[in-house]
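K.L.:
Since the structure of chain A is already known, use the hints to place chain B on it.
Chains as they are written, first to last, in numbering that gives the first Met the number 0: chain A, 0 to 136; chain B, 0 to 136.
Certain hints may be false.
A pair holds if it fits inside one copy or across any two, identical chains being indistinguishable in the list.
In silico DSSO-like links for lysine-lysine, alpha-carbon gap of 30 Å or less [stated by the list, open to error]:
#	residue 1	residue 2
1	28	118
2	66	130
3	118	19
4	19	93
5	19	130
Calculated from the structure, these hints are not laboratory results. Since the model is a prediction, treat every value here as computed from it, not as a measurement.
Protein chains: 2
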Amino acid sequence: MFNRLDHVGIVVSDIDATLKTYCEQLGFKLLERTEIAEQKVVAAFLDGGNSTIELISPTDTESGTAKYLANRGEGTHHVAYEVDDIIAALAELKAQGVRLIDETPRQGVHGLVAFVHPKATHGMMIELLQKGHHKGQ
Amino acid sequence: MFNRLDHVGIVVSDIDATLKTYCEQLGFKLLERTEIAEQKVVAAFLDGGNSTIELISPTDTESGTAKYLANRGEGTHHVAYEVDDIIAALAELKAQGVRLIDETPRQGVHGLVAFVHPKATHGMMIELLQKGHHKGQ
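Okay, chain A solo, but in the shape it has when bound:
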């Protein structure tokens, strides 16, 4: 079901300071930086070779990401796996009794996404990602 690890998402408080660390000190290359207005976050994608790192930072103190940051602090938020067919993958997980955050996919930056509940995966929040489906398709 899970073809490949697409990215590791980490929540950070200051995206500019973090980009400076990752790009200047650690040698990662910035691929894309984008604001996701409906989620009230800014995201930056860094080239990690066979996968990417997604840095996520809240742009509003009331966003879910801001609350996560306040409760848990900076750190790894999710691990995203690419799937061929997100509807089929969600149905398969549901049939296996896996607790899901999203029973139906929603639009992400790079395709359709859905999250598995971290309680179902012993603390690792898994994102399913079906690439290439954008709004209006």
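P.N.:
Only chain B this time, still in chain A's reference frame:
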């Protein structure tokens, strides 16, 4: 410096229950299970396509992993990147002023490893891994 993401390490309290979840419910394939006596942990590696998932569980209540679990609960512990030359990579990071947990590499299950301090990477603990160097080499 970082060639590819080799694995995501997650700390779990019960490795058998977690393997059941990952293999039976989520469809991951177990590649290897091994006890690391000196670290007082058992580790299991699951095939994640372009990378692996390492499940880590303490075998002793006094181990560092047991303390991590007691303080932080189950969840993502580290992200391991493969490097060609771990000595050179550590020297480069040190020259950039990056705080390290290990200034010199130590023996891991699949090669030489060293950890960057999570405070230096905004909460993501990065492991450097130079594969293929085993004890006695």
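K.L.:
Hints broken by the structure, by number, lowest first?
P.N.:
none
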